[in-house]
Amino acid sequence: MKVLSGKAAFKGVAIGKIREFGEKKVEVNRTSVSDVEAEIARFEAARDTAASQLGVLYEKAVAEVGEENAAIFEVHQMMLEDEDYLDGIKGMIRDEQLNAEYAVSVTGQNFSEIFAAMDDDYMKERAADVKDISARVVRILAGVEEGGAAMEEPSILVAEDLAPSETLQLDRSKVLAFVTRKGSTNSHTAILARTMNIPALVMVSEAEHVDGLMGIVDGKEGKLIVEPDEETLKDYRDKLEAQKKEQELLNSLKGKPSVTKDGRKINLYANIGGVEDVEAVLANDAEGIGLFRSEFLYLQSNDYPSEEQQFEAYKAVAEKMGGKRVIIRTLDIGADKQIDYFELDKEENPALGYRAVRICLNKREVFKTQLRALCRASAYGRIAIMVPMIISVWEVQTVKEILEKIKEELREEGREVGEIEFGIMIETPASVIIADELAKEVDFFSIGTNDLTQYTLAIDRQNAKLDMFYNAHHPAILRMIKMVVDAAHKEGIWAGICGELGADTTLTEEFVNMGVDELSVSPGMVLPVRNKVVNM
Amino acid sequence: MKEFSYTVQDALGIHARPAGLLVKEAAKFPCEITLKCGEKKGNAKRIMNVMAMGVKKDNEVTVVCEGDQEEEAAAALEAFFKENL
Numbered sequence: 009m010k011v012l013s014g015k016a017a018f019k020g021v022a023i024g025k026i027r028e029f030g031e032k033k034v035e036v037n038r039t040s041v042s043d044v045e046a047e048i049a050r051f052e053a054a055r056d057t058a059a060s061q062l063g064v065l066y067e068k069a070v071a072e073v074g075e076e077n078a079a080i081f082e083v084h085q086m087m088l089e090d091e092d093y094l095d096g097i098k099g100m101i102r103d104e105q106l107n108a109e110y111a112v113s114v115t116g117q118n119f120s121e122i123f124a125a126m127d128d129d130y131m132k133e134r135a136a137d138v139k140d141i142s143a144r145v146v147r148i149l150a151g152v153e154e155g156g157a158a159m160e161e162p163s164i165l166v167a168e169d170l171a172p173s174e175t176l177q178l179d180r181s182k183v184l185a186f187v188t189r190k191g192s193t194n195s196h197t198a199i200l201a202r203t204m205n206i207p208a209l210v211m212v213s214e215a216e217h218v219d220g221l222m223g224i225v226d227g228k229e230g231k232l233i234v235e236p237d238e239e240t241l242k243d244y245r246d247k248l249e250a251q252k253k254e255q256e257l258l259n260s261l262k263g264k265p266s267v268t269k270d271g272r273k274i275n276l277y278a279n280i281g282g283v284e285d286v287e288a289v290l291a292n293d294a295e296g297i298g299l300f301r302s303e304f305l306y307l308q309s310n311d312y313p314s315e316e317q318q319f320e321a322y323k324a325v326a327e328k329m330g331g332k333r334v335i336i337r338t339l340d341i342g343a344d345k346q347i348d349y350f351e352l353d354k355e356e357n358p359a360l361g362y363r364a365v366r367i368c369l370n371k372r373e374v375f376k377t378q379l380r381a382l383c384r385a386s387a388y389g390r391i392a393i394m395v396p397m398i399i400s401v402w403e404v405q406t407v408k409e410i411l412e413k414i415k416e417e418l419r420e421e422g423r424e425v426g427e428i429e430f431g432i433m434i435e436t437p438a439s440v441i442i443a444d445e446l447a448k449e450v451d452f453f454s455i456g457t458n459d460l461t462q463y464t465l466a467i468d469r470q471n472a473k474l475d476m477f478y479n480a481h482h483p484a485i486l487r488m489i490k491m492v493v494d495a496a497h498k499e500g501i502w503a504g505i506c507g508e509l510g511a512d513t514t515l516t517e518e519f520v521n522m523g524v525d526e527l528s529v530s531p532g533m534v535l536p537v538r539n540k541v542v543n544m
Numbered sequence: 388m389k390e391f392s393y394t395v396q397d398a399l400g401i402h403a404r405p406a407g408l409l410v411k412e413a414a415k416f417p418c419e420i421t422l423k424c425g426e427k428k429g430n431a432k433r434i435m436n437v438m439a440m441g442v443k444k445d446n447e448v449t450v451v452c453e454g455d456q457e458e459e460a461a462a463a464l465e466a467f468f469k470e471n472l
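Taken in order, these protein sequences are the chains called L and S.
If you want my numbering, it's the 1-based position in the first sequence plus 8.
If you want my numbering, it's the 1-based position in the second sequence plus 387.
One should not assume that every hint holds.
Pairs of lysine-lysine residues, derived as BS3-like cross-links and limited to a Cα-Cα distance of at most 30 Å, are as follows [said to hold, decoys possible]:
#1 S:K469 x L:K413
#2 S:K427 x L:K376
#3 L:K376 x L:K448
#4 L:K269 x L:K253
#5 L:K139 x S:K389
#6 L:K415 x S:K428
#7 L:K252 x L:K269
#8 S:K423 x L:K139
#9 L:K19 x L:K253
#10 L:K345 x S:K443
#11 S:K423 x L:K68
#12 S:K444 x L:K371
#13 L:K273 x L:K448
#14 S:K444 x L:K413
#15 S:K444 x L:K98
#16 L:K190 x L:K19
#17 L:K231 x L:K247
#18 L:K376 x L:K328
#19 S:K415 x L:K371
#20 L:K371 x S:K427
#21 L:K19 x L:K413
#22 L:K345 x S:K444
#23 L:K15 x L:K182
These stretches of chain L come out as covered by chain S in the derived footprint (C-beta under 8 Å, 3 or more residues) [as the list claims (entries may be wrong)]:
#24 79–85
#25 91–102
#26 295–302
#27 514–524
To be clear, the hints were calculated from the coordinates, so they are not data collected in a lab.
Cβ atoms here follow ideal geometry from the backbone N, Cα and C, with glycine treated the same way.
Turn these sequences into a full structure, and let the hints steer you where they fit.
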């Protein structure tokens, strides 16, 4: 028995055979051919096969991750039709009487070097694309099956890291858990695991030469146990059994309303950080999206994301959610979330500094781009806009003025704008105290308990020395929540919670009793919270 | 010959996705379509060419259409740039 440690990316236990996901390398030799026309025909046939494989991948990607993210496969297809690329390959076959495998591989290398030499990080990545399509054609020419793992039975998949094109090709019903030697808790694999609701470990650097062995993944402790002994195996079989029972109970709650025995209803929404999380939202039967963190759009790119890029992302989420409410939080950076191109100064005290709406009201153009994208997306679903870090009424009024102007502008351009609910985050003590005034300005409140707790208790949660003073259930916080809910109801608007406290099932009953209208939690917590609600 | 100039507004410049769309649009016309940006030149119907030019935000691009349907091509591409880039 060997215990390998890494970082847990998603909880849960899995027991099964370990399979290595291998990129199959094809040995390319340089040989001479006598019939060049036949060799060119062989190349063209392989190229057609590659193009149709990419077509299938594109369709699959559109369905699973949306058109915007799938576009890369369409670009791959176009590269395969590029005349310069094709001429390069055919020229080598014809003029030098070389075999197609070699011509494709060398031409792919040449083109990828052009991209690799560019002074633009984005374009440098395209070098990998050219290599990727060339490798695909070579594989087809050589008659080698695509990379992957031979999984006859559901297995624990081990890989260096998994690219989007690779995870798309997986037969998901055969994957018990993901283990990667590289990657991070935010890597593509980790996100996929959360979506699929299966355990995942990342950074298990020692997980080598384990193909075919028996293994246990402990997604809580972050361990991969290879060839476990009988006792360990039994222990984990019990855990797995308990996990299955729990999951069955939760699955039975899907499609059921979140209503208490005495008929009180609460909206159970989910928090997401990107378009790809929507699958998990739907799989866990959330009734809407209570917090869509729009930062990912800004964190992912090297420069301000365009209106079009943002619009596509918001529209994709709105459409996927059908008519369900999607609350999108406007840009919330600063403090612990820094983005280079915003060129923010270093601050002595970033939590109390230049962040969130404070940046938006200073960099109006950036804010307007986001609001325009949001308004345009509102024509495709039920979009609500929520502004973070509010402390004063004038801030809310200013944002509303900007928003109204943008709606007018869009209508003048002949664009459709849907009904948009407008709300704010309540996450500063100031906003709690003036909640009665703020409630007159907005359609809803969403309480961000993480920041509210930090500001109210004056405790930085990263500081371990303060643990003895920290109390997540501090009466000050609970009373504040009650104040906010009461202030909202007095003006006839609703109030929800989107911070971590919302997912705390020991408080669910108290929240319902306070009259909280909505709880927004991570997708995996929707059913556990609903379980609590229906049993009270 | 018909030509027009356009300053790229898109934050990422002519990156993979718009390059793909541009090539698709250009392929609809029989004339030759050339992109010029500073010293660099490229065939607008060839994706590797377009991408390898590495056109960035605020770069001025000149699009030259020559041959059959050059008028229509220039008008369509000008509209394309305004809409997508």
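(message) Hinted pair, alpha-carbon criterion (30 Å max): K427 (chain S), K376 (chain L). Please report holds or violated.
(response) 34 Å, violated
(message) Need the status of pair K273 (chain L), K448 (chain L): alpha-carbon distance at most 30 Å?
(response) Between K273 (chain L) and K448 (chain L) the Cα gap is close to 24 Å, so the pair holds against 30 Å.
(message) Check whether the Cα positions of K444 (chain S) and K413 (chain L) lie no farther apart than 30 Å.
(response) Within the cut-off at roughly 27 Å; holds.
(message) Can you confirm whether the C-alpha distance between K423 (chain S) and K68 (chain L) stays at or below 30 Å?
(response) Judged against 30 Å, a Cα distance of about 36 Å means the pair is violated.
(request) Compare the distance between the alpha carbons of K269 (chain L) and K253 (chain L) with 30 Å, and conclude whether the hinted pair is satisfied. (result) Judged against 30 Å, a Cα distance of about 23 Å means the pair holds.
(message) Check the hint pairing K376 (chain L) with K448 (chain L) against an upper bound of 30 Å on the C-alpha distance.
(response) Given pair K376 (chain L), K448 (chain L) holds - Cα atoms ~24 Å apart, limit 30 Å.
(request) Please work out if K139 (chain L) and K389 (chain S) have their alpha carbons no farther apart than 30 Å. (result) 36 Å, violated
(message) With the threshold set at 30 Å, check whether the alpha-carbon distance from K19 (chain L) to K253 (chain L) stays at or below it.
(response) 16 Å, holds
(request) Sort out whether K371 (chain L) lies within 30 Å of K444 (chain S), counting only the CA atoms. (result) 19 Å, holds
(request) Please work out if K376 (chain L) and K328 (chain L) have their alpha carbons no farther apart than 30 Å. (result) 25 Å, holds
(request) Compare the distance between the alpha carbons of K469 (chain S) and K413 (chain L) with 30 Å, and conclude whether the hinted pair is satisfied. (result) 23 Å, holds
(request) Between the segment 514–524 of chain L and chain S, see if three or more residues pass the 8 Å beta-carbon test, and mark the coverage as holds or violated. (result) violated (count 0)
When each numbered hint is compared with the structure, violations occur for hints 2, 5, 6, 11, 15, 19, 20, 21, 26, 27.
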